[in-house]
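Undergrad: Generate coordinates for the entire structure from the input sequences, incorporating the hints supplied.
The number in this note's numbering is simply the position in the sequence shown, starting from 1, with 496 added.
Calculated directly from the structure, the hints in this document are not laboratory data.
Bear in mind the structure is a predicted one, so any value in this text is a computation, not a measurement.
Note that the Cβ used here is the ideal one computed from N, Cα and C, for glycine as well.
Just so you know, not all the hints are guaranteed correct.
Estimated spans, in silico, between C-beta atoms of each pair [what the hints assert, rightly or not]: (1) Gln550 - Ala668: 37 to 45 Å; (2) Gln680 - Asn587: 39 to 47 Å; (3) Ala668 - Tyr556: 29 to 37 Å.
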Amino acid sequence: MGKYITDEVIDEIRRKADIVEIAGTFTAVTKRGADYWACCPFHQEKTPSFKLNQERQVYYCFGCKKSGNLFRFVQEMVNTDFHGAVEWLANRLGIIIPEGRKNAGEDSGEAARRRTMREDGRRLLQEAAAFFQHCLQQPEGVSAQQYLQERGLDWPTVEKFRLGYAPDSWDALGNYAFQKGFSQELLVHTGLS
Numbered sequence: 497m498g499k500y501i502t503d504e505v506i507d508e509i510r511r512k513a514d515i516v517e518i519a520g521t522f523t524a525v526t527k528r529g530a531d532y533w534a535c536c537p538f539h540q541e542k543t544p545s546f547k548l549n550q551e552r553q554v555y556y557c558f559g560c561k562k563s564g565n566l567f568r569f570v571q572e573m574v575n576t577d578f579h580g581a582v583e584w585l586a587n588r589l590g591i592i593i594p595e596g597r598k599n600a601g602e603d604s605g606e607a608a609r610r611r612t613m614r615e616d617g618r619r620l621l622q623e624a625a626a627f628f629q630h631c632l633q634q635p636e637g638v639s640a641q642q643y644l645q646e647r648g649l650d651w652p653t654v655e656k657f658r659l660g661y662a663p664d665s666w667d668a669l670g671n672y673a674f675q676k677g678f679s680q681e682l683l684v685h686t687g688l689s
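TA: Following this line, the structure appears as structure tokens:
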């Protein structure tokens, strides 16, 4: 049976890994102020435009616009998928990934509840975005529409970035979420309440 990557393994990698150190195995990194800079490993350049934020464990290239977190960086550099990046990092950090689902012991209980909460949270956030987009198109959203126009945002841009309008009602989103079958616990978990 293959290796089953648990949330605990991913969390341990996040705790132990340092994007600056990992990036340093592929390109020379120098510290400037609070951030670290390097010549981008994804394209040819002479002046460093690749910024690493050690605190947030993310990167961004001002030249080619590539960005992401530690796992995405490894995926790009070693040409693999997320699972492969996790295995690569675990191997480098000396973290053992359990063999098979049964041995991992993580397909039930707390891990399953967290996985369900995460999936439900994503669905709730999608619904919340749709709710706010809908509110923007209602008569009460006219002032927000005017504001967006004044800022030079056309409708395709508003739709692309899923901009919306929050009505002047403290319970509007909560009521909408309850009608869609979401719980108060999930609203709190996602930061929407």
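Undergrad: Confirm or reject each hint.
TA: Status of each hint after checking the structure:
{"no.": "1", "hint": "Gln550 - Ala668: 37 to 45 Å", "verdict": "holds (40 Å)"}
{"no.": "2", "hint": "Gln680 - Asn587: 39 to 47 Å", "verdict": "holds (42 Å)"}
{"no.": "3", "hint": "Ala668 - Tyr556: 29 to 37 Å", "verdict": "holds (35 Å)"}
Going down the numbered hints, you'll see the structure goes against none, and every one checks out.
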